[in-house]
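Here is how the chains run, residue by residue.
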Amino acid sequence: MTTNPKEFDDFQFDVLKEVGNIGAGNAATALSQLINKEIDMKVPQVSVLPITEIAGEVGGADALVVAVFLRILGDVPGYMFFVLNEQSARNLVKQMTGVQSEPDDVFSDMEISALNEVGNILSGSYLSSMADLTGLNMQPSVPAIAIDMAGAILSYGLVEISQSGDYALMIDTSFFGLEEEVTGHFFLLPDPDSFEKLFSALGVQL
Amino acid sequence: MSKIVKVGMADLNVAVSPDKIRTTGLGSCVGVVLYDSMIKVAGMAHVMLPSSEIARDKTNPAKFADTAIPLLLEKMEKLGAVRRRLTAKMAGGAQMFSFSTGGDAMRIGQRNVEACKSVLEQLKIRLVAEDTGGNYGRTIEMDAETGILMIKTVSKGVKEV
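Listed in order, the protein sequences are those of chains B and F.
Take any residue in the first sequence, note its place counting from 1, add 107, and you have its number in the numbering used here.
Take any residue in the second sequence, note its place counting from 1, add 1, and you have its number in the numbering used here.
There may be inaccurate statements among the hints.
[What the hints assert, rightly or not] Cβ pair distances, simulated, as ranges: (1) Ser215/B <-> Glu115/F: 29 to 37 Å; (2) Arg108/F <-> Glu303/B: 23 to 31 Å; (3) Val155/B <-> Lys4/F: 26 to 34 Å; (4) Asp216/B <-> Pro71/F: 41 to 49 Å; (5) Asp298/B <-> Arg85/F: 38 to 46 Å; (6) Pro184/B <-> Glu115/F: 22 to 30 Å; (7) Val162/F <-> Gln312/B: 50 to 58 Å; (8) Ser119/F <-> Asp147/B: 49 to 57 Å; (9) Gly163/B <-> Arg84/F: 28 to 36 Å; (10) Thr88/F <-> Asp117/B: 49 to 57 Å.
[As the list claims (entries may be wrong)] In silico DMTMM-like cross-links for lysine to aspartate or glutamate, where the CA-CA straight-line distance does not exceed 25 Å: (11) Lys160/F <-> Asp182/B; (12) Lys124/B <-> Asp212/B; (13) Lys59/F <-> Glu114/B; (14) Lys118/F <-> Glu267/B; (15) Lys124/B <-> Glu114/B.
To be clear, the hints were calculated from the coordinates, so they are not data collected in a lab.
Virtual Cβ for every residue (Gly too), placed ideally from N, Cα, C.
Assemble the whole structure, with the sequences as input and the hints as a guide.
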């Protein structure tokens, strides 16, 4: 077996899918409590993509997205993104604050702060459930938020990975629900060296 | 009819007039564009990392400043471009997020810009315009007919250099 994501077998993918499922499930619960509404989520997609195609997953390299980004510190370093398209971000803010912003408005400081906090809570619950599951030490850095082109934002998390290969592993979870649709994606991009630790903590033979 | 040649992330390509050449969503990456106004050929590289020297995987020369720009030059020379006639423009190298911790990986944009400049200097290609830094993404497009580089951003509109 191997720690090169391109050569993972079905079983390894299933394990990663389950990791993504548990993390995102906890995050969805946290979101649901935050806005006091029911939230559904899809079974996570785990995929290995050429780094050049990641932006395509969220609507193309120049699609406008809101992304909360953090570095995972501890035993299995990596990056994590929580990405919303613009409309979903506006709908989510409306659920939280009761204020509906127009599609052409720039996001106000309060809206940006609300989105950053949502991203922070969701990523934090995602990570802590993963840490509980694996028994590994995983801590989030202070999150940062950006509203910009998807390619410009996501490429940031790929710098580390791109030094050692052209493929990234993506655990992508969508959740939806609410009166107006909110579709969000989590991207978990472990550093290449992190897979071995992650698998061995989960009892997967390498 | 002119078409638009697309350049992906860690990719490079050339366009001949009347075509245009474009790359989208430059963040910390740098878009380097070389232009030969005599034969109206434009070449573009979407550089992700400053140097191939420290990388564990070097299979894609278009990813690194030190290998992408010479390769782009070679491709353009095959189309009849002459090095001393070339001018360079570049855009990107932003710092999309700011963290108090992080170190070198966090200022990758700036390092990419510096690396591209030093490669251009070594190759004796004159840099005539740049729009680098900041904390926002850019989409760039050069018209091989005019050599004008259009730079589009989400919050700062469009400009031409």
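Assess, step by step, whether the Cα of Lys59/F is no farther than 25 Å from the Cα of Glu114/B, and give holds or violated.
Holds - the C-alpha atoms of Glu114/B and Lys59/F are around 19 Å apart, at most 25 Å.
For the pair supplied as a hint, Lys124/B and Asp212/B, is the alpha-carbon distance within the 25 Å limit?
37 Å, violated
Given hint Asp182/B paired with Lys160/F - CA-CA distance at most 25 Å:
45 Å, violated
Beta-carbon spacing of Ser119/F to Asp147/B - inside the hinted bounds 49 to 57 Å or not
About 52 Å separates the Cβ atoms of Ser119/F and Asp147/B, which means 49 to 57 Å holds.
Using the Cβ atoms, figure out if Ser215/B sits within 29 to 37 Å of Glu115/F.
Since the Cβ atoms of Ser215/B and Glu115/F sit about 36 Å apart, the hinted range of 29 to 37 Å holds.
If I claimed the Cβ atoms of Pro184/B and Glu115/F lie 22 to 30 Å apart, would that claim hold in this structure?
26 Å, holds
Per the hint of 49 to 57 Å, is the separation of the Cβ atoms of Thr88/F and Asp117/B within bounds?
Holds, at about 52 Å.
Is it true that Val155/B and Lys4/F lie within 26 to 34 Å of each other by Cβ?
This hint holds: roughly 31 Å between Cβ atoms.
Would you check the hint for Lys118/F and Glu267/B, treating anything up to 25 Å between C-alpha atoms as holding?
22 Å, holds
Could one say that the CB atoms of Arg108/F and Glu303/B fall in the range 23 to 31 Å?
Roughly 29 Å apart at Cβ, these two residues keep to the hinted range, so it holds.
Verify the CB-CB distance for Gly163/B and Arg84/F against the hinted window 28 to 36 Å.
35 Å, holds
Hint says 38 to 46 Å; check whether the CB-CB distance for Asp298/B and Arg85/F agrees.
43 Å, holds
The structure fails to meet hints 11, 12 from the earlier list, while all remaining hints are met.
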